[in-house]
Amino acid sequence: MSFLAPLFLFGALAVALPIVVHLIRRTSKEKMTFSSLMFLQPAPPRVTRRNRLENIFLLFLRCLVLGLLSLGFARPFFQKPMVPDPQSGAGKKIVLLVDTSASMRRQNLWSLALAKAEEVLGKTSPADQAAVFTFDRQTRSLVSFEQWSSGNAGERAALAAKHLAELKPGWAATHLGSALITAAETFADADKQGQNIGARRIVLITDLQEGARLDGLQGYDWPRGIEVDVEPVKAARPTNAGLQWVVDADDSAQAGAESGPRVRVVNASNSRREQFRINLDGVAGVTPLDVYVPPGQSRIIQAPGLGTNAQGERLTLTGDDDEFDNTIYLVLPKPEQINVLFLGDDSEQDPTRLLYYLKRAFQQTRRQIVRMNARPADAPLAPAELAGARLLIAADVLSDSQLQAAQKFVAEGGAVLFVLKNVGVAQSIGRLVGADNLTATEAPASGYAMFGQIDFEHPLFAPFADPRFSDFTKIHFWKHRQLQTDRLSGARILARFDNADAALLEIPKDKGRVFVLTSGWQPADSQLALSSKFVPLLYSMLELSGDLKAQLAQYHVGDEVNLGSLRPAGPLMVRKPDGSEVNLPAGETRFSQTDLPGIYAITSLQPAGRFAVNLDAAESRTAPLPVEELMRIGVPLKAPEVELRKQADQKRRLHNAELENQQKLWRWLIVVALVVLLMETCLAGWLTRRTTLARG
Amino acid sequence: MNAPTARFETASPSGRRTAGSLIDPQTLMSIKNLELRARVVVEGFWHGMHRSPYHGFSVEFTEYRQYSPGDDPRYLDWRLYARTDRYFIKKFEDETNLRCCLLVDNSRSMTYGSLGWTKAQYANTLAATLAYFLYLQGDAVGLLTFDERIREYLPARHRTGHLRHLMLRLEQPAGGKATDLAAPLKRIIETVKKRALMVLISDLLAPIETLEKNLTALTASGHDVLLFHILDPAELGFHFEKAVMFHDVESERLLFIDPATARKEYLKKLNVHNAAIQTACQKLGIGYRRFATDRPLELALFDFLRERMQRGKRTVKVRPYA
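Chains as they are written, first to last, in my numbering: chain U, 10 to 705; chain B, 16 to 337.
It is possible that part of the hints are untrue.
Ranges between beta-carbon positions, derived for each pair [unchecked claim]:
no. : chain 1 : residue 1 : chain 2 : residue 2 : range
1   : B       : Leu314    : U       : Thr700    : 28 to 38 Å
2   : U       : Phe19     : B       : Glu224    : 29 to 39 Å
3   : U       : Thr700    : B       : Arg268    : 48 to 58 Å
4   : U       : Phe19     : B       : Arg268    : 37 to 47 Å
5   : B       : Val287    : U       : Thr700    : 38 to 48 Å
6   : B       : Arg268    : U       : Ala666    : 50 to 60 Å
7   : U       : Val29     : B       : Arg268    : 21 to 31 Å
8   : B       : Ala290    : U       : Thr700    : 22 to 32 Å
9   : U       : Thr700    : B       : Glu58     : 53 to 63 Å
10  : U       : Val29     : B       : Thr294    : 45 to 55 Å
11  : U       : Val29     : B       : Arg164    : 52 to 62 Å
Honestly, the hints are just simulated from the structure, not real lab data.
Since the model is a prediction, treat every value here as computed from it, not as a measurement.
Cβ atoms here follow ideal geometry from the backbone N, Cα and C, with glycine treated the same way.
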């Protein structure tokens with residue numbers, strides 16, 4: 010027999026109460042006052058045998074009542090074995106997720122991780138199914154459920170551990186979120202195949218660093234019944250600082266190669282050191298740079314200049330415990346020269362002319378140097394000049410030779426911008442695009458005109474599509490020309506004035522395109538040159554002409570590098586930092602084998618292109634992430650051992666309560682107690698009456 | 016001065032009074048007023064007389080003594096000198112008033128009583144009776160009530176209102192705890208320099224050693240001592256039946272006593288105690304009378320007078336000068 014509330018059994022001690030009362034009653038409570046007890050000795054009271062016998066039966070009944078009551082309150086029940094959990098007998102499904110990100114290269118983390126993995130695999134029973142995944146930026150299956158099941162039951166764990174031991178941590182970032190999702194979906198796939206046989210658990214072996222990306226989990230509806238058991242590995246020495254290259258977005262020419270690259274030094278929040286040193290490898294005569302970074306903070310500093318001839322260099326950081334993120338590789342972009350040809354009689358010193366503003370619109374930057382070549386409208390054009398140029402701006406009536414050269418330029422894919430500063434230019438436009446006798450008329454002067462309708466979907470105006478930049482109403486056009494747009498086949502009007510006249514139109518021609526602006530930007534025609542939209546509009550046009558190449562600067566390990574902008578003539582060959590060469594198939598411009606940090610060279614190009622691949626900045630944030638963070642975003646963690654024991658206790662209590670509720674033995678005990686109480690009352694009453702009668 | 020005019024050897028012409036003519040103590044104690052109680056006792060009694068123990072030069076010649084230098088020449092008997100040619104001092108019996116001090120025990124044990132009145136009430140009535148009787152004789156009466164310390168003290172006087180004061184002091188309720196004769200007796204010895212009659216009324220429920228020591232001190236100071244030992248009949252017989260908790264009024268101690276088993280031992284110890292007191296009194300020349308509180312008070316008066324008369328006859332102490 011078991012009890013639901015065994016503490017009530019202590020109530021049985023109350024049987025002492027009637028016994029004590031019985032004993033107390035034997036001692037007289039009467040008090041006799043006497044003058045002095047100096048001649049008296051205490052005498053023990055005499056108890057007659059008869060008294061004790063008489064009271065003992067009553068005493069027994071009273072004790073019985075109390076005992077029955079305490080027994081009833083203790084809620085007794087007859088124990089029955091618990092129905093075993095249908096899932097408990099079946100084997101578990103375990104996905105072992107092992108972190109192979111760059112941060113696992115620290116100290117002895119990898120050996121710790123292997124030991125834990127071996128332990129987890131060793132604990133699996135023959136009925137269990139396990140799969141082993143590794144993850145960094147990508148999640149890879151090492152041992153699938155099928156492979157596990159197909160193996161010999163006794164050798165599965167050892168085999169999986171052996172596979173795991175053959176691996177080494179890579180250099181990629183930690184995408185923990187996507188890894189967990191992949192593992193959870195592995196269960197879902199197994200469920201679909203009808204292999205759901207028991208509890209499902211993901212065992213995560215990782216250093217659980219702050220830099221682990223959990224983004225994918227934010228909106229993920231975690232499948233029910235899958236719990237995650239985190240087995241973190243911790244580095245003995247926590248100090249870690251990382252170095253990152255801050256790629257400048259600015260275009261200022263002053264930030265030249267001499268000033269050196271800017272680097273960010275990040276110190277992990279649990280570091281114990283604050284003083285580090287940056288060395289520039291491969292450049293003689295550069296003194297190391299000391300930098301002070303408190304734990305949990307970062308500093309951006311200007312590294313020593315690399316020199317103009319440097320093809321690729323590296324910076325190293327010293328002073329912390331872990332080496333893996335202490336080196337960055339730098340390939341500084343070289344400024345590209347872009348030629349723009351201007352055909353017109355303008356003087357670049359005359360502020361009333363177009364060229365004056367055009368010359369000043371293209372400033373030299375670190376990435377590019379735009380060179381403006383102005384030619385008079387009737388000067389002959391050398392083919393080399395045209396070949397080097399990507400944008401041709403015509404502001405006057407072109408001579409025949411110029412027109413032919415322009416036609417050839419457009420046919421090869423060049424872009425020509427005609428500025429209709431007078432009605433005569435329309436003839437040249439007509440001849441270029443094949444619309445003979447194209448004329449234009451001066452628009453009637455009535456105040457000013459503004460852009461009334463702009464096609465923001467066109468790439469030229471796409472950068473202005475944002476409402477913050479789309480206000481062109483402040484640009485007043487005093488004069489413009491009305492072009493016979495209906496005669497231009499295929500012309501796309503990109504902007505119209507508020508009187509519906511075309512303001513800017515694009516006429517595709519062969520491989521190239523012709524833009525026509527029906528007004529000028531000089532002050533006599535409009536305020537366009539003075540507005541903030543002028544320079545972005547010109548750069549947008551340059552980009553459309555294909556002259557701005559994507560810069561090959563910095564990539565992170567695992568990034569896919571698009572080499573298409575290099576316009577390779579043949580198959581590409583890339584040499585990796587470890588010296589191995591990768592040949593890409595013909596026509597393939599994407600290189601994805603960036604699995605090592607370092608400088609990659611595209612050897613098939615002349616001169617060879619270079620790009621740097623560095624460690625992901627997040628990998629340097631090696632301070633441990635609280636496990637609760639996973640719970641916060643909805644990942645159910647496996648309860649600790651104590652919690653599990655509590656749950657088991659809770660379950661047992663519920664089972665007992667249910668049994669007790671079914672049997673309800675306490676009712677019978679209470680009934681018996683009432684009967685005994687009745688007997689006791691009758692007996693006590695009878696005894697009292699008898700005593701009264703005896704006394705007379 | 017106020018010397019008794021008549022002297023009686025006994026309280027009645029026959030010298031004895033029958034028990035039936037005595038006042039029942041229960042009736043007597045039902046009288047609330049203490050003075051009235053005393054008067055009832057005394058008025059049923061003749062004026063007693065007693066021989067003064069003091070010698071002086073008043074009326075009655077006692078003896079001659081040869082003159083020694085330093086004696087007052089006024090008391091020289093010139094006639095005898097003429098006859099014998101020697102100097103003799105003529106001595107007379109001094110009839111003086113009795114100086115009596117009543118020492119009444121007011122300890123808490125005196126509050127016990129099994130008859131409807133307590134030992135303290137009985138002792139007070141006895142003291143009042145003696146005081147009234149002596150007052151009527153013109154003697155000076157003083158009072159000292161005590162427990163473990165002195166509670167009330169009235170020096171022995173004979174003046175108007177003194178008796179009234181004395182009665183009032185006697186009517187004060189007993190409030191002390193233990194019985195301690197040492198302090199009161201020491202005080203009385205220090206205070207009363209003149210030889211007097213000390214009447215000690217107490218239950219003497221204290222260790223015999225201390226009692227004997229204190230009584231010795233009292234007699235050593237030259238006083239006549241008369242001891243009335245007051246005990247309740249229940250104390251004397253211990254005729255209880257039920258086994259109950261006995262509560263000691265003095266020490267507040269509680270003891271469970273079964274009288275059937277304890278009586279024999281109690282009586283034995285009590286008798287030993289009483290016998291020891293009696294022996295001590297005989298040894299010290301102290302008149303000892305034991306009184307149960309159911310005994311008529313007149314008998315106490317008789318005892319007092321008898322004791323006085325016997326003592327008067329025994330008195331051999333002579334002081335040349337009053």
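These are the hints, each one checked on the structure:
At roughly 48 Å, the beta-carbon separation of Leu314(B) and Thr700(U) lies outside the given 28 to 38 Å, and the hint is violated. In this structure the hint that Phe19(U) and Glu224(B) lie 29 to 39 Å apart at CB is violated, the actual value being about 57 Å. In this structure the supplied range 48 to 58 Å is violated for Thr700(U) paired with Arg268(B), their Cβ-Cβ distance being about 34 Å. Checked against the hint of 37 to 47 Å, the pair Phe19(U) and Arg268(B) passes, with Cβ atoms roughly 39 Å apart.
Range check, Val287(B) to Thr700(U): Cβ separation about 43 Å, and the 38 to 48 Å hint holds. Checked against the hint of 50 to 60 Å, the C-beta distance between Arg268(B) and Ala666(U) comes to roughly 58 Å, which is consistent with it. In this structure, Val29(U) and Arg268(B) meet the distance hint of 21 to 31 Å, their C-beta atoms being roughly 25 Å apart. Between Ala290(B) and Thr700(U), the C-beta spacing of about 47 Å breaks the proposed range 22 to 32 Å.
For the pair Thr700(U) and Glu58(B), the beta carbons lie near 56 Å from each other, so the given range of 53 to 63 Å is met. Checked against the given bound of 45 to 55 Å, the beta carbons of Val29(U) and Thr294(B), roughly 51 Å apart, stay inside it. Take Val29(U) and Arg164(B): their Cβ atoms lie about 44 Å apart, and the range 52 to 62 Å is violated.
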